[in-house]
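The task is to assemble the complex, starting from two chains supplied on their own in separate frames and drawing on the hints.
For the record, the sequence lines run as chains A and B.
Here the first sequence is numbered in UniProt numbering, starting from 1 and rising by one per residue.
Here the second sequence is numbered in UniProt numbering, starting from 1 and rising by one per residue.
What the hints contain is simulated information worked out from the structure, not anything from laboratory work.
Everything numeric in this text was worked out from a predicted model, so none of it was measured.
Watch out, some of these pointers could steer you wrong.
As the list claims (entries may be wrong) - Computed spacing ranges between beta-carbons, pair by pair: (1) A:19 / B:247: 30 to 36 Å; (2) A:12 / B:264: 20 to 26 Å; (3) B:269 / A:51: 37 to 43 Å; (4) B:247 / A:45: 49 to 55 Å; (5) A:121 / B:264: 46 to 52 Å; (6) A:88 / B:22: 51 to 57 Å; (7) A:49 / B:233: 49 to 55 Å.
The C-beta atom is built at its ideal place from N, Cα and C for all residues, glycine as well.
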Amino acid sequence: MAVSTRRLQKELAEIKNQGTPVGIQLLSAENFQEWHLSLEVLGDTVFAGEVFCLRFRFDNQYPISSPAVQFVVDDKWKAPTHPHVYTNGHICASILGNEWSPVLSVISVCVTLQSMLASCKKKELPPGNDRYVRHAPDNPKKTRFEYDDDTV
Amino acid sequence: MSSREPMWYCHECHAEMRPLMVPDPHCASCNGTFVEKLENPQDDPREFAHAHDGFDDDALPANMEGFLAGLRALLRPQEPEHTGRPTSPHAPQRGPPDGIGRLGSGGGNGLTIQIQGSPDGRSRTMIIGGGGARRDGPGQGNQPPLLSEFLRGPQGRQDGGPGIAGPLMAQYLLTMLSNRPGHGMSDFFPFMGMPEGAESGRWGDYVFNQEALDQIITQIMENSNAGRPVPATEEIMAKLPREVLEEGSPLLEKDCAICKDQFKADAEDEDERIVVTLPCKHPFHEPCIMPWLKSSGTCPVCRYQLVPQPEHGAPGPGPPRESSSGRPTGSSGSPPGVFPAASSSTPSSPTQRPASPGGSSHNRSGSNGGGSSLLSSLFGSFGRGHQRNGSGDSAHGESSNRGSGPRDHVPGGWSDPVD
Numbered sequence: 001m002a003v004s005t006r007r008l009q010k011e012l013a014e015i016k017n018q019g020t021p022v023g024i025q026l027l028s029a030e031n032f033q034e035w036h037l038s039l040e041v042l043g044d045t046v047f048a049g050e051v052f053c054l055r056f057r058f059d060n061q062y063p064i065s066s067p068a069v070q071f072v073v074d075d076k077w078k079a080p081t082h083p084h085v086y087t088n089g090h091i092c093a094s095i096l097g098n099e100w101s102p103v104l105s106v107i108s109v110c111v112t113l114q115s116m117l118a119s120c121k122k123k124e125l126p127p128g129n130d131r132y133v134r135h136a137p138d139n140p141k142k143t144r145f146e147y148d149d150d151t152v
Numbered sequence: 001m002s003s004r005e006p007m008w009y010c011h012e013c014h015a016e017m018r019p020l021m022v023p024d025p026h027c028a029s030c031n032g033t034f035v036e037k038l039e040n041p042q043d044d045p046r047e048f049a050h051a052h053d054g055f056d057d058d059a060l061p062a063n064m065e066g067f068l069a070g071l072r073a074l075l076r077p078q079e080p081e082h083t084g085r086p087t088s089p090h091a092p093q094r095g096p097p098d099g100i101g102r103l104g105s106g107g108g109n110g111l112t113i114q115i116q117g118s119p120d121g122r123s124r125t126m127i128i129g130g131g132g133a134r135r136d137g138p139g140q141g142n143q144p145p146l147l148s149e150f151l152r153g154p155q156g157r158q159d160g161g162p163g164i165a166g167p168l169m170a171q172y173l174l175t176m177l178s179n180r181p182g183h184g185m186s187d188f189f190p191f192m193g194m195p196e197g198a199e200s201g202r203w204g205d206y207v208f209n210q211e212a213l214d215q216i217i218t219q220i221m222e223n224s225n226a227g228r229p230v231p232a233t234e235e236i237m238a239k240l241p242r243e244v245l246e247e248g249s250p251l252l253e254k255d256c257a258i259c260k261d262q263f264k265a266d267a268e269d270e271d272e273r274i275v276v277t278l279p280c281k282h283p284f285h286e287p288c289i290m291p292w293l294k295s296s297g298t299c300p301v302c303r304y305q306l307v308p309q310p311e312h313g314a315p316g317p318g319p320p321r322e323s324s325s326g327r328p329t330g331s332s333g334s335p336p337g338v339f340p341a342a343s344s345s346t347p348s349s350p351t352q353r354p355a356s357p358g359g360s361s362h363n364r365s366g367s368n369g370g371g372s373s374l375l376s377s378l379f380g381s382f383g384r385g386h387q388r389n390g391s392g393d394s395a396h397g398e399s400s401n402r403g404s405g406p407r408d409h410v411p412g413g414w415s416d417p418v419d
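Just chain B, same shape as in the assembly (with noise of 0.2 Å):
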């Protein structure tokens, strides 16, 4: 990369940086996908940064609820705002006094989030998606919560401060955007990777009514690989004790327990002269036993095993219906409260999240740029609150890996408790 190339701020740790440009351009130092590019000296996000400091950290920003309303008033265009907020963030002087974000549907020309980040007054505007002619989704009734109806219970509030704790704000986001008929919804956010049957109730390992709960089930009962009995290794199968039938074999007076055909010295079929006998001493055709191994490397007769089986019959809340949460046997458990979809292979399955959240569709540098990265971002920072320390990673960089692997979940991990 030459030189001369402007450099790149990354607003994530603050770095600036030359990023690394595939698949997307990432922070080299953190490898955050929320970098611009510093190209226009009037429009420095290191002054933003610097005001705001406070921007990522575990405390929400102190007027979130305009933000929440913006981001409401963008996702149903064309109903008034019943919170009394203005619902054009085009009007600085009408936002709230220290507005950090307020996020509004900007005409026709897509997502338009204003911040209004530096102390002298100037804001910031950032446009994402500009085809902006999707959002014609006509408004429903089913008014998601109010923020105020969330915040009324006790769990609302952590410390006396005017936040709220991130898995809430989570969960009334996540409310919020289920309450969307689902136009244009994943032109928004692709990063969350939305699968196209959000507006039938599904977002991800998400249900949001009883129909789509259902689809689940069935999924899970069609398709759940968990308690299978484990097969023996070819390692174990080609090790076993051979014997060919010959007259005068003590085997001669027995019967195979699976064909359930007396041993014959004389048997048309020269793989039946073949016998096997498995470590408990019951003998088998090797026609016989072979098959069954391979799906299960157990003994027929005594069930003696081979390899290891899942244990059956763990204690369980009961039959199918609760037991279809789908509680793997095996090593990987599933993050508690989550309905795990996603763990089950299903390859054609409509619900199948696309990969990778962050690798779509957002490859637009400087001041229009990064902006589903930023939503991104911001979601990851709520979802995940005060869960953030510890793991070093920074909250979008954990997003933006999920979606692929078998235990994905919706960014923000809805999953944690509300503390």
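With the rest of the complex left out, here is chain A (with noise of 0.2 Å):
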């Protein structure tokens, strides 16, 4: 069994026995590949009403490599307008990338994000935004992003 498997088994039991925190939901988790979950930002922020979907891509390295992570954006749903996360979901957060740590799991990350949404005050595009979609690669993980902006 991947190691990957028999973690991600742990933390769906763990979302299962003690559900998720308030604001994410999972929406789907079929198999050890790829998750959904739904995300709401509560209280008064920018984002207030607004449900998001992010998506969750594991590996069999998984949790030492980090999930592949970004927001769904569909006919259903459509990413944040954040300055850390581009039109086409992708997001600049450096728990995703170089600061991953196997300590996090999936809902660690998803209260992070959260998080950064909930501290944004001004809805807004990444700078390059449209650069950045035009020839983005599929999986975020492929970006490098560099994370100087430690205040959204």
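This is the structure in structure tokens:
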């Protein structure tokens, strides 16, 4: 059994036993390659009333290798307008790249992203969004982001 | 080598010597590749050199515009010269009064460089690239800027003299070349390591349009390794303290933070009975922590660094787009102003520059020989201009060393600021 499977089974069991934090719901986890969760920012924020969908993709090195996490952008879902979120759903967040740690989990990533959205004061697209979206790889893990802004 | 072999003459250091022949003939004293065999007494390069010792000095020849006009004519063979200068260089009497070099498309026989070298009016002719048949690309609009446009700027003249600054010349030539449709360019400038994609706006490390810049940015986004975590060394990993779990161990109450399982002395997998404790005192199953340390030499819990890690969040101009100018976090910086396409490892990249621009196809010697070396040498001199002192290398020696290194840039040091 792949390491990732064992770990994800454990995370899934925990979600089912203990539930998910407020604003986060498991939408689908039918296999150990791809999960979907919904994300909502509660309280008085610029994203009040909006619900987003996060897509996690795992390879079988997870949790040694980070999951590929992005906001779903399709007919039903769209990405939040945020300086660290590109309109294709790719997210510039250090914990998804250089600062990933195998201690992190699906839920902890969701909580971090929820907090990233919650602290956003102004809906703005990232600089260079169009250029990035035009050429972005399918898998956001192939992008090397530079994390230089801890304020939003 | 037989002593009856003729001596060779080096146009770069003016030495007469027997050249080293591998991989290409090059000067035994300065390693320059612009060498010529002294086999024709009627055509002695030394005369030329003595008459024009200033040729490779920092000051550029006064009639460089004539040279450029000729080069333009060569590159755009089917277009009328709109500087009003004669397109054919074969008429010495119509050339600039103290002409040193003219370039032109010499009929169907490749590039002809005519150098009116001697005070007595004798000229020397060199022919490069005999084929000539590929110079049939259609002319296009998109005129390169005229030299006079470059000269108009205040930086155009350095010291009131008639020459133009080296970097400026480089810029001019580069712009001119980039505007060419691209047919046969690599025939003419094999030494430049001209990639196939030249017509798409890329030339070595340089790009000339938005699309090409986007391509490079994409490459960088996908390939850059800069800033990635540094793995722990085998030695560090081997020396980490290991403990085989036994009943009564205080570890048994703890979890492995990676797999989230509790430590068990009776684990099915024997490997999982081995616990590695990092210097920060955080314990992990050996099979859990080892793969992680191979990708990042840090503690997953507290980020304790077993090996120094690149700094994250170093001050930067902004998220991905800007940062993708690839400022490596390590020690090897890119030359300023150079898009570091060549520094990312993209073995399959179509823009990967061929190795050793000097190493291709100009093995000929004699009066027709060294043609591309000549151009290369010229470009080298022009580009480096006033920055040559000190290094001791000949300009061409530099350019022939480029192309394979990770930091290579277009010969002539375009990245040098225009002063």
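Results of checking the hints against the structure:
1. About 35 Å separates the C-beta atoms of residue 19 (chain A) and residue 247 (chain B), a value consistent with the hinted range of 30 to 36 Å.
2. In this structure the supplied range 20 to 26 Å holds for residue 12 (chain A) paired with residue 264 (chain B), their Cβ-Cβ distance being about 21 Å.
3. As the Cβ distance of residue 269 (chain B) to residue 51 (chain A) is approximately 41 Å, the hint placing it in 37 to 43 Å holds.
4. Judged by the Cβ atoms, the range 49 to 55 Å given for residue 247 (chain B) and residue 45 (chain A) holds: they are separated by roughly 51 Å.
5. Checked against the hint of 46 to 52 Å, the C-beta distance between residue 121 (chain A) and residue 264 (chain B) comes to roughly 48 Å, which is consistent with it.
6. Distance hint for residue 88 (chain A) and residue 22 (chain B): a CB-CB separation of about 53 Å, consistent with the stated range 51 to 57 Å.
7. For the pair residue 49 (chain A) and residue 233 (chain B), the beta carbons lie near 51 Å from each other, so the given range of 49 to 55 Å is met.
Hint violations for this structure: none, all hints satisfied.
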